[in-house]
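Throw the hints in and build the complete structure from the sequences for me.
Each protein sequence line maps, in turn, to chains A and B.
Heads up: the first sequence begins at 1 in this note's numbering, then just goes up one per residue.
Heads up: the second sequence begins at 1 in this note's numbering, then just goes up one per residue.
Simulated from the structure, these hints should not be mistaken for laboratory data.
In this text, all values refer to a predicted model and were calculated from it rather than measured experimentally.
Treat the hints with care, as some may be off.
Claimed, not checked - Which residues of chain B face chain A? A few of them, derived with a C-beta cut under 8 angstroms, are:
hint	residue
1	V22
2	I90
3	M95
4	N96
5	T97
6	L98
Said to hold, decoys possible - To give a feel for the contact side, a few chain A residues facing chain B, derived at Cβ under 7 angstroms:
hint	residue
7	I383
8	S644
9	R648
Virtual Cβ for every residue (Gly too), placed ideally from N, Cα, C.
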Amino acid sequence: MTNLSVLVLLMPLLGFVILGLSGRFLPRGAILTIAWGACGLAFFFALISFISMLGTPAANRTADQVLYTWIVSGNFQVSFGQLFDPLSAVMLMIVTGVGFIIHIYSAGYMEHDDGFWRFFCYLNFFIFAMVLLVSADNFLFLLIGWGLVGLASFLLIGFWYHRPAAVAAAQKALVINIIGDFGLMLAIFLIFLNYGVLNYVTNSNSAAGVFNLIKPGSVGSGVSIAIALLLFVACAAKSAQLPLYMWLPDAMEGPTPVSALIHAATMVTAGVYLVARAHPLFELAPISLDIIAAIGGVTALFAATIALFQLDIKRVLAYSTISQLGYMFMAEGAHNYTAGIFHLTTHAYFKALLFLGAGAVIHALSGEQDMRQMGGLRKRLPITFWTFLIAALAISGIPPFAGFWSKDDILGSLLSQATTGNSALFYILWAIGVITAGLTAFYMFRLVFGIFFGGYRGTGYAKRSEEDEDEEDEEDAQHTAGNRLSIHEAPAVMTIPLIILGVLSVIGGLVGSFSLFGDPRYQPLANFLAPLFSDVGAINLAPTIGIGWISTGLSIVAALLGIFVAWRLYGKGFAYKESKNPLYQLLFHKYYVDEALAFVIINPIRWFGGTATSLLEGGTLDGGSRGIAWAFKKLSLGLRRLQSGYVRNYALAILVGVLLIIIYYAVRG
Amino acid sequence: MMPLSAYLIMSAILFSIGVVGVLIRRNPLIIFMSIELMLNAVNLSFVAVSSKLDSADGQMFVFLVLTVAAAEVVVGLGIIVSIFRTRRNIDVDEMNTLRG
Numbered sequence: 001m002t003n004l005s006v007l008v009l010l011m012p013l014l015g016f017v018i019l020g021l022s023g024r025f026l027p028r029g030a031i032l033t034i035a036w037g038a039c040g041l042a043f044f045f046a047l048i049s050f051i052s053m054l055g056t057p058a059a060n061r062t063a064d065q066v067l068y069t070w071i072v073s074g075n076f077q078v079s080f081g082q083l084f085d086p087l088s089a090v091m092l093m094i095v096t097g098v099g100f101i102i103h104i105y106s107a108g109y110m111e112h113d114d115g116f117w118r119f120f121c122y123l124n125f126f127i128f129a130m131v132l133l134v135s136a137d138n139f140l141f142l143l144i145g146w147g148l149v150g151l152a153s154f155l156l157i158g159f160w161y162h163r164p165a166a167v168a169a170a171q172k173a174l175v176i177n178i179i180g181d182f183g184l185m186l187a188i189f190l191i192f193l194n195y196g197v198l199n200y201v202t203n204s205n206s207a208a209g210v211f212n213l214i215k216p217g218s219v220g221s222g223v224s225i226a227i228a229l230l231l232f233v234a235c236a237a238k239s240a241q242l243p244l245y246m247w248l249p250d251a252m253e254g255p256t257p258v259s260a261l262i263h264a265a266t267m268v269t270a271g272v273y274l275v276a277r278a279h280p281l282f283e284l285a286p287i288s289l290d291i292i293a294a295i296g297g298v299t300a301l302f303a304a305t306i307a308l309f310q311l312d313i314k315r316v317l318a319y320s321t322i323s324q325l326g327y328m329f330m331a332e333g334a335h336n337y338t339a340g341i342f343h344l345t346t347h348a349y350f351k352a353l354l355f356l357g358a359g360a361v362i363h364a365l366s367g368e369q370d371m372r373q374m375g376g377l378r379k380r381l382p383i384t385f386w387t388f389l390i391a392a393l394a395i396s397g398i399p400p401f402a403g404f405w406s407k408d409d410i411l412g413s414l415l416s417q418a419t420t421g422n423s424a425l426f427y428i429l430w431a432i433g434v435i436t437a438g439l440t441a442f443y444m445f446r447l448v449f450g451i452f453f454g455g456y457r458g459t460g461y462a463k464r465s466e467e468d469e470d471e472e473d474e475e476d477a478q479h480t481a482g483n484r485l486s487i488h489e490a491p492a493v494m495t496i497p498l499i500i501l502g503v504l505s506v507i508g509g510l511v512g513s514f515s516l517f518g519d520p521r522y523q524p525l526a527n528f529l530a531p532l533f534s535d536v537g538a539i540n541l542a543p544t545i546g547i548g549w550i551s552t553g554l555s556i557v558a559a560l561l562g563i564f565v566a567w568r569l570y571g572k573g574f575a576y577k578e579s580k581n582p583l584y585q586l587l588f589h590k591y592y593v594d595e596a597l598a599f600v601i602i603n604p605i606r607w608f609g610g611t612a613t614s615l616l617e618g619g620t621l622d623g624g625s626r627g628i629a630w631a632f633k634k635l636s637l638g639l640r641r642l643q644s645g646y647v648r649n650y651a652l653a654i655l656v657g658v659l660l661i662i663i664y665y666a667v668r669g
Numbered sequence: 001m002m003p004l005s006a007y008l009i010m011s012a013i014l015f016s017i018g019v020v021g022v023l024i025r026r027n028p029l030i031i032f033m034s035i036e037l038m039l040n041a042v043n044l045s046f047v048a049v050s051s052k053l054d055s056a057d058g059q060m061f062v063f064l065v066l067t068v069a070a071a072e073v074v075v076g077l078g079i080i081v082s083i084f085r086t087r088r089n090i091d092v093d094e095m096n097t098l099r100g
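Printed below as a string of structure tokens:
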């Protein structure tokens, strides 16, 4: 099997280094060649490796290539290597493939930006970090990749660093992600304490990996629960689950291709990947999987309710991402890791498509992101409209689009887990999944109708929410929305990626399972990933046909209901009425979570910092040095009075001194 | 002969008068006169003791003290004259420009 993972890792790294050092001086064409070349070659090598893996028999599909032995300390070794197995092959294809598509799109979207070279430099860095994360063969380099991906997201969210909102969002993302990094570090410490090694599986440097030391079917002790939960803290931070989701909606301050790549398709899926990769650790503590499923479910419902009434189109998509990630965690909590990964791949297609489509709309309207200023764009932006519609149908779970197969897989396994395990939790989660599917369909089609149907409601003057004030040069004249006739479709470099992703959103679901239709042997993705998950216990993953049809039927009904309600309310265009209903206000203000956090955590910390500064720095250090000066000044003022200038005072002083000496000697005798 | 203590007490009284004169008077000439008085009081006590001890050392010392007193008066009077020429006023209390 040809394993070219090294090249997949090196190409974006080279691109990042070259662009970082010299990108400022290169012309556009050279920058694009390097950036597209790096990502494109990475995708090409990933594709070759993937195809070659398809050609090898299933038993031989794991290859752990050790590249460099880093730490050798007695019996303990840490080496840098890459694990190439079906899971990492799937992840590499997604990361480099969708990444490459977005590289192409960004050339058009960032065309007018002065930081063009910087953007592609950071994009390549992100691809490198993500490849490192998914291909590393030990937990230490997973952690390194995890942190680098957080750094890349910080750089890209805060790309327009002159905007305070963007900088604040980048800081928020980084701070919340660091909480996750901390959880991951603690988990790694515990893993090392418990197992003595850090690499996943046996390789040329190590006799046994962590997963080899775990007997399938065993139940671990409290340490295992701690490890699993700490790993999940990291996943919750990176994949924006409750209670660490707050950074993702704010991260929409970054350019739209960044939102598409990082916050829809790749980075946020790192958490889902980690649960799938480290599933033996999670299987050791089954209660942790129940917790993961529960949190995933609650998050999915929570985020979907917030998305119902948001006005900024990117915010709606952000909450939608959080909600869909909740689905993936629900699937993994039901022990069906394949369903989680499947939804990850289909979600990458349609969510990236949704974001890129939104980006095309924003680009056409010169920076307008508020849904109240849009409408009736389907005639002017046909390609954007049709691809956006396909993605909306996919995410709503309408057959035969991609989202239907994966969402259905998840709901089916939830219901079968509920019925065979007789578990109330999974009944509730299944119900949440169906309800959320309905809500998803509703808010997605509210978005579609709001943007593309009805009459154009815009004033024509975009609030420039995404562009910097410095960007107002004559190049923007052709994109000014002041003249409605100038709203035109995006250039080919942006629409071709939309079309590619649209095709993927249609056919991407066909690697799923056709067991519903009576052919349980046809499940290509599940079969491909099966050798990895052979140690997952005898939990019934695939639902019986009866259960499957109940679940599928109800979810399709819910989705159609959502679309119908959206059509009734918004079919003629989006009429915004702010309602005084307190429930509406609660959802519109996102449950006031940000305000609550500011009140409970941020303001006390600010107060404490300010007080400590004024006490320690102002009072002690500053005051101390000023106080010494004051003491000396007072002393000097006092001593000054001896120098009166009067001769007679001096004569008196002499006399007094002489008298003292005489007395001294007289007393001494 | 009178007892030595009489000469020494006389010398002490003259010395005290001289000290009080230096401290109280404002005219520098009077201050100089008081200083001379102090010096001469010391001369008296030197001579009295040397006569009592039959040694010429005390009287030799008086020579030195007289010489020093004379030189000091010359310099001091020169300073007073120069001060008077610039300030037209020799009140010691007015000479406080060296105050801190």
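Consistency of the hints with the structure:
no.: 1; hint: V22; verdict: 5 angstroms, holds
no.: 2; hint: I90; verdict: 12 angstroms, violated
no.: 3; hint: M95; verdict: 7 angstroms, holds
no.: 4; hint: N96; verdict: 3 angstroms, holds
no.: 5; hint: T97; verdict: 7 angstroms, holds
no.: 6; hint: L98; verdict: 5 angstroms, holds
no.: 7; hint: I383; verdict: 91 angstroms, violated
no.: 8; hint: S644; verdict: 6 angstroms, holds
no.: 9; hint: R648; verdict: 6 angstroms, holds
In summary, the numbered hints that this structure violates are 2, 7.
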